[in-house]
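When you get a sec, could you build the whole thing from the sequences and use the hints?
If you're matching them up, the sequences are chains A and B in order.
Position 64 of the first sequence, counting from 1, maps to 63 under numbering that gives the first Met the number 0, and the rest follow consecutively.
Position 19 of the second sequence, counting from 1, maps to 18 under numbering that gives the first Met the number 0, and the rest follow consecutively.
Hints are all accurate, no fakes.
Derived Cβ-Cβ restraints for the label pairs, each shown as a range:
1) A:63 x B:39: 26 to 36 Å
2) B:35 x A:14: 14 to 24 Å
3) B:53 x A:22: 22 to 32 Å
4) B:52 x A:120: 46 to 56 Å
FYI, nobody ran anything at the bench for these hints, they're computed from the structure.
Computed from a predicted structure; not experimentally measured.
Think of the CB as a built atom: it goes at the ideal place given N, C-alpha and C, for glycine as much as any other residue.
Given next are the chains, with one letter for each unit.
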Amino acid sequence: MPNPPADDPHTFFVETNFQRLARRAGGVPREQALENARITLETIKVGFRDWLESEIADLAAAIRRGRTGQPADVAWAETALLHCRQIRDVGTTMGFQLVTFIAGNLCEMLDNVIAGAVPRNEMIDCHIDALYLARQEQYRHLSPEQLPELSGGLRRVLEVAHAGSPAKASGSKMAPGGEEQT
Amino acid sequence: MTTATINLKGLVFLVADANPYFSRIIVGLLRSFGATAVTEVRNSFDAIQLLNSQKFDILLCDDRLPPHGGLQVTHAIRRKRDNENRTIPILIMSGDTRESMVKIARDAGANMVLVKPVSASSLYDRLAWIAFTPRQFVDTPTYFGPDRRFKNDPYPGVGRRRTDRHAGTGGEAAHAAQTLQADTPNPGHGTGSENPALMDQS
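Here it is, written out as structure tokens:
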């Protein structure tokens with residue numbers, strides 16, 4: 000590969016193996032692929048409730064440990080964040096939108112704690128309680144928009160938590176599926 | 000609406016995510032789309048080791064892959080001149096939807112960011128987009144990766160994304176992914192951050 004001058008970007012075209020092979024005929028059409036995926040996700044959902052129960056328990060346990068340790072030690076928050084992210088990242092795909100929403104909120108709060116904010120126990124507890132609620136069957140198919148009191152309340156809690164955060168990273172959030180240019 | 004069909008048979012995928020449940024979902028989706036060769040790793044050490052020792056066709060990597068993070072993995076792969084995986088497509092999977100995160104991923108050399116939680120349609124459409132939308136690579140002393148200036152073409156099979164978002168369900172909208180798009184005046188200006196511990200592995 001030639002060495003370009005330091006300030007002269009060298010551009011070249013690459014046809015990757017992925018591109019070459021993925022364009023072959025004989026693939027799975029989109030509609031069929033999505034139907035296959037739906038069936039696959041149904042089989043994965045079978046163990047989701049047990050997994051979710053276990054993750055929430057681990058999350059709550061990590062938070063409890065944080066209340067008995069040294070205030071400066073945020074290892075508990077890092078452990079809690081790990082479990083919280085795991086819950087957030089799969090909730091909606093498994094049909095639990097509300098779980099993802101609540102866990103996402105709590106992830107931001109825990110990020111703040113790791114960045115130096117004082118943990119607000121009552122706000123964290125509020126989210127744990129909400130997670131226990133959202134995991135129940137009657138809430139499974141509900142979106143945050145369908146429970147405006149709950150979701151609005153949690154959003155306000157998060158705003159309050161952000162207001163007390165010393166080191167919250169700035170940066171606008173992109174709308175889901177948005178086309179905001181970077 | 001155009002429909003692009005992708006053929007994933009025989010393509011070698013590497014899925015790097017610490018969360019076994021999430022990883023199971025991704026692998027399941029890929030197999031539903033016709034993929035036959037998917038390897039999973041749970042940390043950046045294993046990811047780098049595999050990417051340095053065997054050929055993969057595409058990497059799907061969590062942005063917070065412990066311990067170094069997926070962006071450092073991306074940076075390491077793109078910077079290594081003799082790595083046969085240097086130009087493979089890299090999808091960063093992230094629950095962080097901040098614009099700043101997307102910029103960092105772009106500057107590390109990622110092709111796209113896929114927002115978690117993922118949906119089957121968002122994953123399929125992004126793979127199709129990568130397959131059918133050629134992009135130049137840029138090589139400078141500070142950046143190696145896909146050209147960060149590229150056309151705002153719609154994804155195959157979904158028409159216009161904004162239209163798709165409004166027409167789709169709420170859950171679908173929440174799943175939609177972000178492309179790494181830029182009006183960067185100079186495509187060679189990257190962040191240049193790197194982790195020596197990661198870079199030393201070969």
